[in-house]
Amino acid sequence: MTPQRFFNTLKRRSIFVWSVLAVGLALMYSFRGLVPSSFAGVAHVVLVAESGARDPSVSIVDLPSIATSTVVLQRVRNSLKLPISLINLKQNVSASVLGRSSIMAVGFHDQSAERAIDVSNAVADELSRYYDEISTQRYDVNVNRLSTELAGEANKMRAIDTAMSSVVAANPFVVSDKSIDNITTEISTLDEQRAVALAQLQGDQALAATSAGGPLRSQTAQHEILAGDPAYVAARTAAARDSAQLVSDRATYTQSFPGLPGELAKVQSESDALKREATRALSDPNAYSPSAAGTLAQHTRQLAIVAGDVARLNQLDELVANAKSTLGAVPTIGAKYSQLSAERTAMETEYAALATRRANALANRAEASSLGSVVVLDRAIKADTQLAGGRTRAAVVAFILVLALAVGTAFLVESLDPRIRRPEEIEELYGIPVVATFGSKA
Amino acid sequence: MKHRIATDSMAREFRLLRNRIEAEIHAPAVLLVTSATERDGAGLTAYGLAESLSKTHQRTALLTTSATVLNAPDWSTPATPTLRRRASDRLDAGKILVEGGLSVVSVSHERLATISRSSIATLVQGLRSEHDYVVIDGGGLPDNTFGLLLLASADAVLVSFLAGRQLLPADRTMLDTLEKSEAKMLGVVMNEQLVIDHFNDTVPKKEPGVERITVTEKPPMALGQRLEVALQRIGKSF
Chain L
1 MTPQRFFNTL
11 KRRSIFVWSV
21 LAVGLALMYS
31 FRGLVPSSFA
41 GVAHVVLVAE
51 SGARDPSVSI
61 VDLPSIATST
71 VVLQRVRNSL
81 KLPISLINLK
91 QNVSASVLGR
101 SSIMAVGFHD
111 QSAERAIDVS
121 NAVADELSRY
131 YDEISTQRYD
141 VNVNRLSTEL
151 AGEANKMRAI
161 DTAMSSVVAA
171 NPFVVSDKSI
181 DNITTEISTL
191 DEQRAVALAQ
201 LQGDQALAAT
211 SAGGPLRSQT
221 AQHEILAGDP
231 AYVAARTAAA
241 RDSAQLVSDR
251 ATYTQSFPGL
261 PGELAKVQSE
271 SDALKREATR
281 ALSDPNAYSP
291 SAAGTLAQHT
301 RQLAIVAGDV
311 ARLNQLDELV
321 ANAKSTLGAV
331 PTIGAKYSQL
341 SAERTAMETE
351 YAALATRRAN
361 ALANRAEASS
371 LGSVVVLDRA
381 IKADTQLAGG
391 RTRAAVVAFI
401 LVLALAVGTA
411 FLVESLDPRI
421 RRPEEIEELY
431 GIPVVATFGS
441 KA
Chain W
1001 MKHRIATDSM
1011 AREFRLLRNR
1021 IEAEIHAPAV
1031 LLVTSATERD
1041 GAGLTAYGLA
1051 ESLSKTHQRT
1061 ALLTTSATVL
1071 NAPDWSTPAT
1081 PTLRRRASDR
1091 LDAGKILVEG
1101 GLSVVSVSHE
1111 RLATISRSSI
1121 ATLVQGLRSE
1131 HDYVVIDGGG
1141 LPDNTFGLLL
1151 LASADAVLVS
1161 FLAGRQLLPA
1171 DRTMLDTLEK
1181 SEAKMLGVVM
1191 NEQLVIDHFN
1201 DTVPKKEPGV
1211 ERITVTEKPP
1221 MALGQRLEVA
1231 LQRIGKSF
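Chains as they are written, first to last, in this note's numbering: chain L, 1 to 442; chain W, 1001 to 1238.
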């Protein structure tokens, strides 16, 4: 279809075109209230470069792509907990560089004015952070590796310190250079203490022997026991009386006194009975004597002292044995401690080197970040968001649709019209060519 | 009714049509301009073609059943009263000298009703012997005996069609009739209703009731008019 035929058709069917346009515009005006309002928040960021130059790694023309990247938008979506999909978010976010400047406008369209402001500001902030990340990413990798290495070295040093501490705790002498002299001196001291303890033990043993030696029960104790036994006292009284009676009778009478043998036998019997009572009383385990009890207590104490002396002596012997054993192990433990010390010294040196390299990497990172950074120049505020782009756009789209409908109606009517207007039609019907047309260009 | 017609554009279209016909049909030849209906503008086409042929110093005759064409505007020059020609009721044939020669022969409807095929054939042969091109305004072929009478004498046929009208049974009738003819089909000329109305409104509706007319030589043009025509011709040549 040629442009001339197109416009001729529109001109011929202009009544339909204007009618559809009028109805369409009237409907647009009637239903304009159904179009939701749209708000746009706009924030401005600026690419700040060292000495006013642009960052050689990332130019200003790349910023719109970074601002609308899925990484930035996903972070914004997560931080604001937006209930919209990432695709919808990407469609409504706009980023464009203002002319040839280093300033870029970051906008977001939404039906909510607050959300439009929040999202545009969040995108600007996240763009600033993400730009710093990608500017220093290569340095971050190096710094992270060095930090990991430093942490590993620190752990190794702590393990060595623990091992050295345990060695020192078990063998304190290893920290001294005169460990052998110290151990020898300690052994001598222990020997001296042992000799004293041994003498003390022997004295105490002798004293204990004196307190426990001979008859356990002295004459005083036996006397106290017998005096305290009533049967023995009764038998002794009867025996003494009868003995006195015998002596008296002998003094009074001659040997021929007939009562003497009886008395003599009685005295003898009572004497035997008294001996038996004495034996019984002394052998009684419950027999009590204050003197015997005091002696027994003293003996017990003495035995305890002896036991203490023995224990001390044994302890000293053990200490001496340990000291002598330690003295024998001095070469092995000392070598181990020296090895640990050497390892720790080497570790300290390596740690210091890594720390220096990490410091240099951090310095390089700081230098890289100073080459260029994105700074939020102007945050979106409420006063800047009263835009009705959605309604205007909807009106434009509706007008285009109405216009297309009007044109389509014109051509629909044209196609339904049975009248012949074009040369092609008459050529097809007549089978002969059209050689002239009069009036079509008039 | 006033119509705004670009006469320059019309003249250019007729020149193109004339050139095409001259290339396809060599003189002497009889050209029949016909159509399916009377409203398709066969008269307009026939007169315009005859006038255009006459301007190339070709001896041209226009055979028509209407004398209105005698007052048709000159498509090549602005229509002025002095350039228009009026028909007369004289029986002698004459010529209009428009840079060559244009003889207009009008046959009234009354005469047409009684004229014989041989007579009209003799008339056409006579015109052919005297002219390079004889253009016949055949009108609507299915409803007009004039066209049917002259179809056998025509060397070529040109069909007029009114742009914007529906296809009618008369079209099929005309095509069937033309298929039986031995004349060469030159093609179709599409006419807008606006042009046909302008042609009809410009020419007074006057039925002369004569068989043969004589148009005297046109009066000489004034000097200013000659200069104007010459300048226009020069301008068109460029």
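Each hint should be verified, as a subset may be incorrect.
[What the hints assert, rightly or not] Derived DEER-like restraints, expressed as beta-carbon distance ranges: (1) L:ARG393 x W:LEU1167: 43 to 51 Å; (2) W:THR1007 x L:PHE6: 41 to 49 Å; (3) W:LEU1148 x L:SER415: 32 to 40 Å; (4) L:PHE6 x W:LEU1148: 24 to 32 Å; (5) L:LEU10 x W:LEU1148: 55 to 63 Å; (6) W:ARG1226 x L:ASP417: 42 to 50 Å; (7) L:LEU27 x W:ASN1019: 48 to 56 Å; (8) W:LEU1112 x L:SER415: 37 to 45 Å; (9) L:TYR29 x W:ASP1008: 43 to 51 Å; (10) W:LEU1112 x L:LEU405: 23 to 31 Å; (11) L:ALA404 x W:GLU1038: 19 to 27 Å.
Note that these hints are calculated values from the structure, not bench results. Glycine included, every Cβ here is placed at the ideal spot set by N, Cα and C.
Hint check:
1. L:ARG393 x W:LEU1167: 43 to 51 Å: Because 47 Å falls inside the window, the suggested range holds.
2. W:THR1007 x L:PHE6: 41 to 49 Å: violated (27 Å)
3. W:LEU1148 x L:SER415: 32 to 40 Å: Given range 32 to 40 Å: holds, Cβ gap about 37 Å.
4. L:PHE6 x W:LEU1148: 24 to 32 Å: At 41 Å between Cβs, range violated.
5. L:LEU10 x W:LEU1148: 55 to 63 Å: Distance hint for LEU10 of chain L, LEU1148 of chain W is violated at roughly 42 Å.
6. W:ARG1226 x L:ASP417: 42 to 50 Å: holds (48 Å)
7. L:LEU27 x W:ASN1019: 48 to 56 Å: holds (54 Å)
8. W:LEU1112 x L:SER415: 37 to 45 Å: Given a distance of about 42 Å, which is inside 37 to 45 Å, the answer is holds.
9. L:TYR29 x W:ASP1008: 43 to 51 Å: holds (46 Å)
10. W:LEU1112 x L:LEU405: 23 to 31 Å: Given range 23 to 31 Å: violated, Cβ gap about 55 Å.
11. L:ALA404 x W:GLU1038: 19 to 27 Å: violated (42 Å)
Violated hints, in rising order: 2, 4, 5, 10, 11; the structure is consistent with all others.
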